[in-house]
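**Student:** Sequence:
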Amino acid sequence: MTIETRCDECEAKLRFKDESAGQTVHCRSCSAELIVPDFSQNQSSNKSSIHPLIYVGAGCAIFAAITVSIAVHGFFKLRETIAESQQEAANRQQPMVAERPTPPLQIAEPPSPAFQINGEDLREIDPAELRAIASSLNEKQRCAEAAQVQYWAVKNDDGNGQNNLACYLSQSGAIEPAFYWLQVAALDEGVDAQWSEQDPDLAPLRADSRWSVMRSYLRQANDYWRSSNNKVTTVIVPKGIAANEPIPVIVGLHGMGSNPQDFIDDSLQDFADKHRIALIGVSGTIPIGRRSFVWSEGTERDRQRVEQALAEVANQITPAPGKIILFGFSQGAKMSIEIAVRDSQRFAGAIVLSPGGSGLENREIFTPGTAQKQTFVISVGAGEHFGNKKMASNYASLAKAAGGDVEHIINPNQQGHTFPPNFETEFERWVQKILAGR
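The sequence shown begins at 11 in this note's numbering and counts up one residue at a time.
Hints listed in this document are in silico derivations from the structure and should not be mistaken for laboratory results.
Nothing false has been slipped in among the hints.
Think about it this way: if two alpha-carbon atoms lie no more than 25 Å apart in a straight line, the pair counts; the simulated DMTMM-like pairs of lysine to aspartate or glutamate are: (1) K333 <-> D415; (2) K443 <-> D415; (3) K333 <-> D280; (4) K241 <-> E310; (5) K400 <-> D415; (6) K443 <-> D280; (7) K241 <-> E322; (8) K249 <-> E438; (9) K410 <-> E310.
Here are the computed distance ranges between Cβ atoms for each label pair: (10) E322 <-> E374: 23 to 31 Å; (11) A324 <-> S222: 43 to 51 Å; (12) E119 <-> E374: 48 to 56 Å; (13) N254 <-> D280: 17 to 25 Å; (14) H395 <-> G332: 31 to 39 Å; (15) E317 <-> E119: 36 to 44 Å; (16) K249 <-> A324: 14 to 22 Å.
Every value quoted in this text rests on a predicted model; they were computed, and no experiment measured them.
Cβ coordinates follow ideal geometry from the N, Cα and C atoms, glycine included.
Please construct the entire structure, taking both the sequences and the accompanying hints into account.
**Tutor:** See the structure below:
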């Protein structure tokens with residue numbers, strides 16, 4: 011059995027094991043502190059029961075106070091408590107700039123590894139190619155070599171990939187260098203503090219006595235970045251298109267902890283020119299680093315971030331009415347289908363690749379008729395994690411029930427949590443199919 015609840019700060023739906031009841035934890039999406047409800051106590055007492063999906067978080071004590079007021083102090087005290095809770099909620103919405111934390115571990119920068127591997131000079135190879143090589147080596151459990159290659163990717167690309175470097179070093183047993191780069195990544199690239207608590211790559215670091223200090227530092231770094239106004243929007247405009255000419259638009263929503271530069275980049279210029287379609291990359295609602303973002307998994311909040319990005323590029327492109335396609339991977343895929351269904355007049359549909367996230371599907375928005383004249387391509391790998399395959403299946407069923415045209419793909423040649431191997435050839439077909447439905 012599990013306990014389902016929702017974060018008061020970012021509206022993400024969360025699921026915890028029964029033994030977590032009553033414990034203070036952090037939201038996996040925004041790291042806000044919350045208390046896991048203990049429904050067994052509600053059932054065994056005469057107090058008013060609380061619905062499993064009640065908002066919790068900083069307002070948890072407020073709801074407890076309200077429950078006591080009902081039983082003891084009556085209506086007027088309840089009204090006073092509600093007023094206080096509303097004021098506290100308003101205070102939480104006030105922008106506050108967190109203090110930039112100081113790395114707690116005094117570790118000198120590790121020496122550079124060898125710049126040659128198999129006779130190749132890693133300093134001369136494109137950083138994106140180096141990251142791909144490092145990832146492949148890591149999958150083969152050649153972690154030390156992966157760290158060596160990743161180091162030069164980081165050095166050749168303004169620090170991009172520091173978090174993965176820390177992970178590869180951790181898996182290879184290089185604890186001191188791993189701690190060093192994790193500290194650097196937290197304040198520069200961005201590290202999801204909540205995920206770091208369960209990331210298998212960081213297990214060797216969590217076994218170290220210094221992890222409790224590092225845990226606190228990672229959370230402080232997340233708070234620092236969340237209080238910033240950091241956001242990124244990338245745009246690709248087809249050549250020869252005037253800014254006021256209505257054209258279809260593809261809006262890309264990246265995966266958890268990534269950024270739009272890794273999702274919508276110049277490699278898609280030829281596609282844009284060929285099909286006279288603009289492409290926009292949108293950074294997630296919550297910044298956790300200079301180039302690392304996550305989505306809140308609150309459908310309305312994330313929809314507003316998409317609309318904000320569209321407004322930012324309004325002087326460059328004019329979306330054709332009803333012909334905006336949302337295109338997402340992992341956590342971005344989860345939000346792409348939910349945002350699309352939320353406004354079927356504005357969005358033609360969504361390309362949903364390997365949906366995932368920290369919360370559950372927002373089933374409430376998939377009511378009959380909400381996805382009329384929308385088309386959804388939902389793709390997942392046959393060898394991916396069960397949770398990704400289950401979420402893809404759930405969204406396919408929900409979108410169909412809501413009146414959408416759904417193509418549900420389970421790719422037999424895709425074993426990992428990545429883009430399907432036939433993405434480049436299929437992407438064009440998916441886009442044309444969705445636009446044809448309008």
